[in-house]
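Novice: Residue-level listing of the chains:
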Amino acid sequence: MKKEHKSLLNTDLPDFERDYFCDTYPQEVKPLKGFIEKFLNWARAQSLWILGFGTGCGAIELRPLMTARFDMFRYGMAPRPTPRQSCVFIIGGYASIKTLKRIVRSYEQIQAPKFVLALGSCTINGGMYFDSYNTINRIDHYIPVDVYVTGCMPRPEAIIAGLRKLQERIMQGKAEKANDYIKNFEWYKANQKKIIKDWNMPDFNW
Amino acid sequence: MDTPLLLKILYAIISLGVITIWGLTLNGVVRKIYARVQGRIGPPFWQPFIDIIKTYGKRTAVAHGIMFFLGPVFRIAGGIGTYLFIPAIIGSTVFSNFSVSGDVLLVMYFIFFGQLGMALGAGESGHPYSAIGVARGLAQMTAFEVPFALSIIALAIQYKTLNITAIIMAQQGGFLNWTIFTNPLATIAALIALLGMNMHNPFSVVLAPQEIPIGPPTEFHGSYLGLMQTNRGIFNAAKLVLFMNLFFGGATNIFAMIIKTFAIYMISVIVGVSFPRFRVDQSIKFFLSVPAVIALISIILLII
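Residue numbers (the working numbering), protein chains in the order written: chain A, 1 to 206; chain B, 207 to 510.
Honestly, the hints are just simulated from the structure, not real lab data. C-beta: ideal position from N, C-alpha, C; glycine also. Be aware that a few hints might be false.
Said to hold, decoys possible - Computed beta-carbon distance windows for the label pairs: (1) T11(A) / F318(B): 42 to 50 Å; (2) P81(A) / A372(B): 40 to 48 Å; (3) L9(A) / A267(B): 19 to 27 Å; (4) R155(A) / L311(B): 54 to 62 Å; (5) K38(A) / I219(B): 22 to 30 Å.
To be verified - From chain B, some residues computed to sit far from chain A (all C-beta separations above 10 Å): (6) S302; (7) A362; (8) L368; (9) L507.
Bound-form chain B, shown alone:
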C-alpha cells in the first residue's frame, strides 16, 4: 500500500507487458494446436507478434466516423481494465496490480464494457456482417453472463467477500482448498461460461467462420485492427488469470501462473477442436439452461 504511485504505474506497465506477451504466445500456441489437429504443420507460435507488427505498419487507413476510432480503444480499455484489477501473482509487488475490495464486480463490468464499445464502433462501420456479428455477440454475451454471474454469486456466498485477493487467500494451503474441489458445481458453470467468452467452438457464433467470416471487426484495418489484436492477447490472458484466481487457487509465482492459465485455456481449446458450432438460438438456449441451472443448484446448496 505504501508503494509510491509512479512506481506502481511502472509495475503496472511491466505487468501489462508480460501478460500481453504471454497472451499472444498462448494465441500462437493454440493456432499451432489447431493446425496439428487438422494434420497441418501450422504457423510458428510467434506468428501473432509478426501479424501485429504488420498491421501497425500499414500505411493508409480509412475512418468511418468517431465511434469507429473509439471502438478499438474501448475494446483495449476493456482488456487492460480487466487485467489491471486482477492480482496476477499473489505476494508479488509487480504482478499484484490494483486489486481493491469488490474488484470481482469491477472486473465483470470490464469484461462487458469492451464488447459494448466494440459493438458501437463496429456498428458505425456500416458493414452488414458487422451488424449481424454485433447482434449475435451481444445476445450470446448476455446469455453466458447469466451462469458466470450466478457462479460469482455462489463464490461470494461461499467466501463472504467480493475481493479477488481474499478469495485467493481463502483457497491457500493445499489444492483441496481450491474452489474446484470445494464448490465444483459453480466451477463447472463458470468454465462453461468461459467457453462462451473465449468464443471457440461450439460457441463461435460471433465470428462464425463459414457465415460471417470475420464478424464485427470486418471493416477494421491497420492500427484499429492492431489494437484489437493486442487486446486479444491481453483480454484472453486476463480472463484466464481471473479464472485461475477464482477457481484454481491463484498463483504464488510466475511459473504456476503460466502452467495454470495454459491448462485452463486448454479446456476451451480441446472443446473447440472437438465440436462443431452451435446456431445462435441453440447457444443461447444452452447457456440459459444447463450451466445456469448448475450454478443455481450450487447457490441453493450453499444457502441450505
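One chain only, chain A, in its complex shape:
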C-alpha cells in the first residue's frame, strides 16, 4: 500500500549532509506466528532493558527503582545506557520541545520490538505545564505509548506496577506499537515537525 514511499526526502537537512543519512522508508516487521512468537514474547517480557535517558522529573523515581529497596533487577529489568540495546523507553513526565527532539531520535534508534512507558500526568495532558509554550501536552501524538502510569510523580511501586502491566501486554502479544509507529509514520512525522521548529536531523533515525 505504501509502495510509493520508497525513500525519505530529508528535506530539512542541508544538501551536503543528505548523503550521510539513511533515506530508506522504515518497514513494518510483522510478528511470527504461533509458538515461536509466544516463546520470544515470554523472553521479551522477562528481560526488559530500560533506556537510561532521564527525560523529565520522573527520572528521579527511577533511582530508587534500581537500588536496594525496590530492586527492579529481580524482575529481569536492567538499565541500558544506549538506545541500540534497550527495549523500554520511559518518558519520565513532562517533555519540553528541546527534549522531544532527542526523544524522537532515541525512540527511532531503539530496535523493534520496542515499548514506551509514560509517567505522570504531563505525558497525558500536559499536567501543570498544560499552557506552557515550551512543553508538549500529549506524548502519544509524537511517539506511540504502550502503558501510562499516572500520578505526579508516580511512586516506584506504581512504576513497577506499570512495568508488570507492560510485561502482561507483551506476553499477550499486544505490545506492537513499534509497527503502529511505522504504519502511521507520516502522521507522527507531521506532528513532530509541526512542533520542532529547528529540525536538523534525518526523517528517520534508523
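Using the hints, position chain B against chain A.
Specialist: Frame of chain A, contents of chain B only:
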C-alpha cells in the same frame, strides 16, 4: 587419536554446549552475588539465558559496514578458539577437545585475537564511546599480557613443555604438585592478570560503567549483541578452565572442573565487589610493575 573426525566434531559441539551453559550460569550467579553485596535480591541466575533469547529475537537490525558484521564473529571465534584448544577434563574423550603440542601459545593468541576483531568492528560503528573503549581496552590488554606471558614462560621453564595436557599431567598426584604450590609467584602474577582479563573492578576501565557506560559494544544490538553475550559465557569459562589447567592441577571429572572454575572465578568477583576502579594510566602502570616484577622474579628463581 584414533577417534573418527565426525565423532570428534560431535564431541566438540557437546563440549562447547556444556561450557556455554556453565559460563552463562557463572555470569548469572555473579550478578546475584553482586546484588547481594549491594543489599538487593538480584535477578535469577538464569537471567543471562533469557537476555540472550531476547536479543536474538529482535526484529530489526542496523549495519554500519562489513567490519561491524565481522566484529562479533571474530569475538566469538576468539572465544570458541580459546576453548577448543584447552583440554577441559583430562582423560575424558568428550571434553579433551583438540589439545596439541604447543597449544599454550595458540590459546594466548586466541585470547588476543577476539579482542582485536572486536576492536575493528567497534571502530567501524563510529560511536565515540566505542573508540574510547577500544583504545582503553587495547592499552590494558597489552599491559596485562606482560605478566601473563611472563608467568607462562615461567611455567614453560618449570615443566619444559608448551603443551597444556603435559602441564596438567605434571601436576597430578596430590594437590601439593599443583603449580600454585610449586611456583606460587608465577601463579600470583597470572591471577592478577586474570583480574584484568575478566575486567571486573578495579580493572573495569574498558566498560567503565560511570564514564563510557557500555564501552566498545555501544552500537551493537540484536544478533550482534547476542553473539557477544554468548561469547561472554564461552570465553569466561574458557579462561577459567585454562587457569585451572595451568595452575590448579586440571580436572579429572566434571564436578572437579565446576568447583575449581567457580572458585577461581570467585577470586576476581570478590576483588571486584571490594574495590573501586583504577584509571587507565593507573591500571597500566600497575600491570607493568607489580605482577610483571613478581613473574620476572619467578623466572629468575627458576633459572638460577
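Novice: Tell me the numbers of any earlier hints that the structure contravenes, in ascending order.
Specialist: Failing hints: none at all.
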